[in-house]
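Colleague: Just so you know, the sequences run in chain order A and B.
Here the numbering used here is used: position 47 in the first sequence is 893, and no number is missing along the way.
Here the numbering used here is used: position 468 in the second sequence is 1038, and no number is missing along the way.
These are calculated hints, taken from the structure and not from any lab test.
Bear in mind the structure is a predicted one, so any value in this text is a computation, not a measurement.
Treat the hints with caution; some may be incorrect.
Keeping only pairs whose Cα atoms sit at most 25 Å apart, straight-line, the calculated DSS-like set for lysine-lysine is [unchecked claim]:
no., chain 1, residue 1, chain 2, residue 2
1, B, K662, B, K769
2, B, K998, A, K940
3, B, K614, B, K648
4, B, K662, B, K648
5, A, K940, B, K959
6, A, K882, A, K850
7, B, K617, B, K648
8, B, K662, B, K617
9, B, K998, A, K882
One-sided excerpt, in silico: chain B residues whose CB lies under 7 Å from chain A [as the list claims (entries may be wrong)]:
no., residue
10, E636
11, Y1004
12, G1024
13, A1041
14, N1043
Think of the CB as a built atom: it goes at the ideal place given N, C-alpha and C, for glycine as much as any other residue.
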Amino acid sequence: MSLKMESKTTGGVTVVRCIGRIVFGEEASALRSTLKTILSTSKKILLDLSDVSYIDSGGLGTLVGVYSSARAAGADIKLTGLGQRVRDVLQITKLVTVFEVYDSEQKALAAFQ
Amino acid sequence: MAIGSATNSALERTSGAFPSLVLVQGQEQRSLVLDHSPFSIGRKIDKDLVIADPRVSRDHALILSEEGGFYIRDEGSKHGTFVNGQRVERQKLARNDRLEFGARDGTYVIFHPASASSNTAREFLSQIAGLEISTDTTDLEKLTMFLDAARKLNTTGVLDEILVTVADTTLKLTRAERAYVFLKEEDGSLRLAAGRNSKGEALIDDTTISHSILEEALHSASEFLVTDTSQSLDLAGRHSIVAYDLRTVICIPLRKPQVQAARRDTPIAAPPAESGAEIIGALYIDSRFASRDISSVSNDILRAIATEAAQLVENARLVQAEEAARRYQQELAIASSIQQKLMEVHIPEVPFARMSGRNLQCKEIGGDFYDAVSTEDHFAVFLVDVCGKGVSAALLASTLQGMVYSHLAARMPLAESVAAVNRFFTQKHLGEKYATMVIARISRDGELEYVNCGHVPPLLVSNQTVVRPEAGNLPVGLLADANYESSRLQLRRGDRFLVVTDGVTEAENARGDFYENERLEVVAARSLSLEEIFTSLASFCGGTPLNDDCTVVELVYTGIA
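The following block holds chain A by itself, in its conformation from the complex (with noise of 0.2 Å):
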């Protein structure tokens, strides 16, 4: 598998960094499991994509069910680090709208504030 991730706390936001692909396959799911654990326990997430390489179309489509699952859900996930792969996916798709995006985990974290 092609994806890691990594979760510390910091002021009540539980930061995930994920590193790799996030691809279709076993890699979103990994990733879907990952946040739907998290969720249980923390309504704060900021996920750090500053390692992500590559996002395919099911990466995407996990990345926004996740995060739609999450707002009904009363919690809120937010994004940093988007390198330009990433960037300009979301740029095309007009996800970028949908997502709050940060350039840096400070920001992010001031936001959740």
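Given the structure of chain A, go ahead and fit chain B onto it with the hints provided.
Modeller: Same frame as chain A, now just chain B:
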């Protein structure tokens, strides 16, 4: 061993475990298995055979298994039950009888038609059925005969016939009165798969057997269980044994064969079936007091039956599974050809615009497709990229195509059409399935309205310069409350509106570089045909295979003549 006169009587009556009914409705034909009695026919929905014709009564007729034969009985129907054109109240059925219910010009049923196909298995089976074993046949000869039958049948795939043959052969070998073959279902229960009596008649009812002995055999570790009720006092009181006068019951659990090849050469000295092996069914045979005593049947024969019958059933199951897989493949192939027909593009001709498109599929059925619709003053094209691949993407693509096509044909506003499609897909909760698309509609005077839903921005090539209108919306099927807006462009004669899927812009070369928008723009500006774009793409990728479908659609405004 002597092969006596081949009367074949048993085989003529039933070639499979149970007789079949073939329902003929116009050009349609359907086979039903008469595997229980009574078998009900009528207009009511709970009938075994429902015929939705007002002339058929709700409770029209029954087919009953009685005295070793099958009878049709009219249940007081209004318009009558007919066998070969004659109105009947009750009649014994013979092969190929034509049954009609109420209507004489509509649906009819053929009772147990003789199969047109005559293969070697069938011929061989007819020989088996006609075999007569002389009383002085030694056990060894019987065994050899059985094994011979087993071998030959191992190559056929007709499970029902094999099961009937197993039952028949077992009856001949043991001289018992009745034989039943049970197969284990997925849920662990036993299903009656074939039943025969020594007269060669089909038995479809297993209520008169000793189920307790059957259960006992399945749970015992032995190869077979011979129960002589006259010798065993505690058995004598059991219900079925008393009620049906059972004298000897032999039960043989059928265990999944462990080693197939090794045993072939030494059939008689076969190792006992491993008691731990998975049970796949059971063979049950019995005789009544009134009949002959079968308790002294040779253990060698029972052991051979246990191993060979299990081998037969297992092989038959494998062949059947293969057949099911083959049929499934066939269904898929049909679905695929329907899908391809649906996706076939018929480009309408209009005087003010023309369109061309090309799709390069990389692997299996892809998620890219395009189509065109012309209405009185407009010409619309759409290019869709459904996320994912394979059958699920194809299903989604077909539905999307139908919806977009019908909205365009009805001249609905573009943004509204897309919003409707989005609502449809998000309400269905398809789970992270979505599509990106561009719909463009050009009018006679060159005004182009388009809506981009999460797709790579289209290119407007005007006089060798390329403009990329960035206006865009969310993909379709992701978010229920997404808003969609269309944009407008004024095209001049000769202007080209190009839409590509991300398979083109994200095509990779050996170094892992993407084809990117810039290369596309350069080639689009100077080329006049789609071929040149694909040529450029191919030379960029070199030998690196595509990992996504590539589709390019071009709409050219030719102006009003």
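Colleague: Hints first: check each against the structure and report whether it holds.
Modeller: So, going through the hints one by one against the coordinates:
For the proposed pair K662 of chain B and K769 of chain B, the alpha carbon gap of about 18 Å is at most 25 Å, so the pair holds. Proposed proximity of K998 of chain B and K940 of chain A is supported: the alpha carbons are some 22 Å apart, at most 25 Å. With a CA separation close to 14 Å, the supplied pair K614 of chain B and K648 of chain B stays within the 25 Å bound. The suggested pairing of K662 of chain B with K648 of chain B holds, with an alpha-carbon distance near 21 Å, which does not exceed 25 Å.
Among the hinted pairs, K940 of chain A with K959 of chain B is consistent with the structure: their alpha-carbon atoms are about 23 Å apart, no more than 25 Å. Between the alpha carbons of K882 of chain A and K850 of chain A the distance comes to roughly 16 Å, so the proposed pair stays at or under 25 Å and holds. In summary, the hint linking K617 of chain B to K648 of chain B is supported, as the alpha carbons are separated by about 17 Å, within the 25 Å threshold. Between K662 of chain B and K617 of chain B, the direct Cα distance comes to roughly 21 Å. Compliance with the 25 Å bound is thereby established for this hinted pair.
At roughly 22 Å between alpha-carbon atoms, K998 of chain B and K882 of chain A fall within 25 Å of each other, so this suggested pair holds. At about 58 Å, the closest approach between the beta carbon of E636 of chain B and any beta carbon in chain A exceeds 7 Å, and the interface hint on this residue is violated. About 6 Å separates the beta-carbon of Y1004 of chain B from the nearest beta-carbon of chain A, less than 7 Å, and the hint is met. Here the hint on G1024 of chain B is kept, as its CB sits about 4 Å from the closest CB of chain A, short of 7 Å.
Checking A1041 of chain B against chain A: minimum C-beta separation of about 10 Å lies over 7 Å; hint violated. Among the interface hints, the one on N1043 of chain B holds; its C-beta lies about 6 Å from the nearest C-beta in chain A, closer than the 7 Å criterion.
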